[in-house]
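Given the sequences, and given the hints that come with them, work out the whole structure.
So the protein sequences, as listed, match chains G, C and F. This note's numbering numbers the first residue of the first sequence as 1 and each following residue consecutively. This note's numbering numbers the first residue of the second sequence as 191 and each following residue consecutively. This note's numbering numbers the first residue of the third sequence as 664 and each following residue consecutively.
For the record, the hints were derived by calculation from the structure and aren't laboratory data. None of the hints are false.
Below, computed lysine-lysine pairings styled on BS3-like, alpha-carbon distance capped at 30 angstroms:
1. F:LYS996 x C:LYS453
2. F:LYS1093 x F:LYS761
3. C:LYS652 x C:LYS329
4. C:LYS443 x C:LYS596
5. F:LYS1077 x C:LYS596
6. C:LYS453 x F:LYS717
7. C:LYS288 x C:LYS636
8. F:LYS916 x F:LYS1009
9. C:LYS596 x F:LYS1009
10. F:LYS945 x G:LYS102
11. G:LYS44 x F:LYS945
12. F:LYS916 x F:LYS802
13. C:LYS604 x F:LYS1010
14. F:LYS1069 x C:LYS620
15. F:LYS1069 x C:LYS438
16. G:LYS142 x C:LYS661
17. C:LYS596 x F:LYS1069
18. C:LYS376 x G:LYS142
19. F:LYS1010 x C:LYS523
20. F:LYS684 x F:LYS849
21. C:LYS523 x F:LYS926
22. F:LYS996 x C:LYS537
23. C:LYS620 x C:LYS537
24. F:LYS1009 x F:LYS1104
25. C:LYS472 x G:LYS149
26. C:LYS329 x C:LYS636
27. F:LYS916 x C:LYS523
28. C:LYS596 x C:LYS523
29. F:LYS1069 x C:LYS604
30. F:LYS1069 x C:LYS536
31. C:LYS376 x G:LYS149
32. F:LYS1069 x C:LYS523
33. C:LYS443 x C:LYS329
34. F:LYS911 x F:LYS996
35. C:LYS209 x C:LYS661
36. F:LYS1125 x F:LYS1109
37. C:LYS472 x C:LYS453
38. C:LYS288 x C:LYS652
39. C:LYS372 x G:LYS149
40. C:LYS537 x F:LYS1010
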Amino acid sequence: MIKKFHPPKIWRIPVIIALGIFAGLFVLSVYLSKAHSYLSDDPKTCVNCHIMAPQYATWNHSSHREWTNCNDCHVPHNNVFNKYYFKAKDGLRHATIFTLRKEPQVIFIKEEGAEVVHQNCVRCHERQLIDAKQSACISNYKEHRTDRKCWECHREVPHGRVNSLSSTPFARVPLPESPVPEWIKKLDNN
Amino acid sequence: LASSIMERRAEASFVNVPKVKLSEFEPRNEVWGENFPREFQSYYQTADTSFQSKYNGNAMIDMLEVDPRLVVLWAGYGFSKDYNQGRGHYYAVEDIRKTLRTGAPDSPDEGPMPSTCWTCKSPDVPRVMQEEGVAEFYKGKWARLGSEIVNPIGCADCHDPETMNLRVTRPALVEAFEKMGKDVNKATHQEMRSLVCAQCHVEYYFNKKTVDGAQYLTFPWEKGMTVEAAEEYYDEMNFSDWTHAISKAPMLKAQHPGYEIYKQGIHAERGVSCADCHMPYKSEGGQKFTDHHIQSPLNNVANSCQVCHREETATLLQNVFDRQDKVIENRDKLEELIVRAHLEAKKAWDLEASEDEMQEILMGIRHAQWRWDYAAAAHGGSFHAPLETSRIISTGITIAQETRIKLSRLLASKGFNEELPYPDISTKAKAQEFIGLDMAKLNQEKEEFLETVVPQWLEQAKEREASWDVKRN
Amino acid sequence: LASSIMERRAEASFVNVPKVKLSEFEPRNEVWGENFPREFQSYYQTADTSFQSKYNGNAMIDMLEVDPRLVVLWAGYGFSKDYNQGRGHYYAVEDIRKTLRTGAPDSPDEGPMPSTCWTCKSPDVPRVMQEEGVAEFYKGKWARLGSEIVNPIGCADCHDPETMNLRVTRPALVEAFEKMGKDVNKATHQEMRSLVCAQCHVEYYFNKKTVDGAQYLTFPWEKGMTVEAAEEYYDEMNFSDWTHAISKAPMLKAQHPGYEIYKQGIHAERGVSCADCHMPYKSEGGQKFTDHHIQSPLNNVANSCQVCHREETATLLQNVFDRQDKVIENRDKLEELIVRAHLEAKKAWDLEASEDEMQEILMGIRHAQWRWDYAAAAHGGSFHAPLETSRIISTGITIAQETRIKLSRLLASKGFNEELPYPDISTKAKAQEFIGLDMAKLNQEKEEFLETVVPQWLEQAKEREASWDVKRN
Ligand SMILES: [Ca+2]
Ligand SMILES: [Ca+2]
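What follows is the structure, given as structure tokens:
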């Protein structure tokens, strides 16, 4: 039965070559796009995409720089599995959109992502928000203190209120060096 | 350092059992305060009267002194005797006793005001309503409940003692929502942070037809919450609060449509609640709690405005004043025009104009003053929704002046074809004399009342409260 | 995939070399466009006329059709013949030729309009000003420069060709700043992003006394930039644009005080510039550039408003419409009141009122209409500064109605004591007939002018431009 699905022998060599090429291209893509770095928490990895530069710059100038990296806010921290699952899912969507050049001028956080951030605000600030004394005698205490997105009031935390791919035009962010050799660029210009 | 950190952590994690078991209608703020000292202490700061902003603040401002035109506008109605810009919740009960509007009743069945007046002044109200029934509460005179209602606005007005959830304790709001086909119980948590205020900071009237013998507190929202919708509502039912002493126009009084006007502003549109500005969070000892010192946010820009707006305090204050100035410039003008209209109408009556000839004119005066009052009575309105307030004033000016054009034609037809001189009403005293009020007498009676009747009320209340026991853990 | 990633990373570091060396007064947008194709292409989208919002947009809207009261308000003045809501910059030159206001001059020294009219229509203006001198430019008739001015508003109006910095090219703005004791050269980069617009989107008049024989373009800002300050300025110098055909009042025309009103709004207070909303950044193929498709931001909410506001597009549109509705409700009313005042004044003249009796009344009409026009002519004003616009309208209503009260007394004294019937001016055609315009003739002359004179202008311009050579790299 299973044999039926084996390809004919003459396919074997080309298929192996093709797979090899794909694998090679994949590794190259991973290298070029620095995808390997996405496993880390270093904010610099987010600016592999120049599109993330405004968020990097604003975060970098905020009071949160000393205490948080992007992932502290943008990735779930309730368990390890969720963390990497969310990262992979989001990361793949962003990479696709970026490559297809479909990013909007003004990026909006999605509801799902916003909820993640919100939970992270609460995670760090819980002790300022929740008074053990009061939770003893007030119903829905925690819900009521955390049911609005924190940045409805704290509107400037941490990215400020001006959002656009061009909102920080000359910000010094650690952009990746150009990977394209000079001689290719010259070809390109003609 | 380490020990300081430990201390602060201890503060936060100290687990507490409520000290007091609150009964369902506990009206005494002090008792609630045993469980919630931070909220209670901040609440009691509403006793402060030291802050005055450009137009508001918690100092007591005698509006008739600031703007004596009001005396003429309200001739024949209680407000011409006495009207202040509201101060802190702490004073609600004291002020209703002190105002000349409530007179000097020396028995429970006397005085100019119905018991309904108490409705928005105290957490004793839900208690008495539950004991007597709602319609019963609205029956009789204001003096009838003098000894029952003694605690100033407080916890039980806004909170459920069991869960501490926000709750609506005033039937008028529930009924108004029903009339609009809405259910106030479906309000979100964030909406409740405004709706507790909407129990009181709204335009109202007393409906004598709902229940026989009762002056039933009602909000005129059935046709909508705009100034025009309420006007139509009152016109259709032929309601008027009083007949103007000078012009004989059937008048409407607009009382503090704070919530209605706020709803028309950008902050409400963006989901900002009353509590966000008037009860912002405050941090103390590593904890955020709701600051119950309800007051002008201009005395607390850092915690209210600046959490959302990064501008400097001076800039934000200037923003508020600019809006108020732009609105009040035209509001003041409108007042003058309506004063003139009242006097011109009187002149027409003097020249024997007929009811028929006067009818449209009187309705014009009614509508113009209604719009002016709606814009003026909500003290926060010129910031809460500046454009809506300005729009209302514009329509008021148009109506006032259309009416005066009719008056000028009518007067001309009676042989009087010139500008009527504007009276000297440059001070409160002059204006009150102009409309023929005997202030000395009113003040004297009030003084006696405060010295003789009120102490008896307090005595009775003390006894009653002493008889309740408080369950402590 | 890999190559696409490469490309996108290359984008981040791509640099441009200019193709053309621009001369200092190059008026042809196409030539600039060779260096800056993205800006140029987006600029040329101002040719689009397909978007219409609730009140504005880039479609050509015949305002006299939408609102025929305007015809009566402008009786005796060019605007009663033809007035449209402005469209894209691309059409500036075409529209000034087409409007009936400029008539059908068949020689360079004829026609109703001075050469000054060209000032805000083209980048040929700075070129000719530099060739002729500023005062010379303002001399003579509009037709005189017909062949000189052919390129629609463009690059040279706002940019220095050497550095591409924003620059002020219109002397009127520089002079107005000087009169206020300010130096426009000290403006910050962000201020320049509004000041380039303030060269044209401002109230102006032609001063005949500055330089003999010249209609000198002047902004009335010496006493300040509010509606009241400009009114006082004009009153003091006894200036009027025309005498009203019906009431004989000495009128003022307010033209698009866009910048002045914007300055009174919250966005200006917070440092938001015209370009932030009307020329937002845009990314195309990884290149960021300023979108030169200047238009209603409501056709581009995602890139303009949403940079600063996180609300949905529908909500933001509704916010704009709400503000416009609230302002326009009273603006429309004010129009009706002023129409009535003009007619009542005519009636008074007919009944042989004296100049003396009429003087105050005519000034009232002048001031009321000035305020109305100031609020109406800035098409964006009811969003740029809703409260200020509403305030202006309120004061206009008060003045209009005070004037009508005086009129009613005056008319009564002449034996006429009733309401004057409101004329049937329900369409543009009826209104124009009412004020006695021969539209058939005007249209016919215009058509001939466009068919015969304009082609000659274009021919001459073509020859001139062909003689310039362009330095290419
Ligand atoms: Ca009322
Ligand atoms: Ca003008």
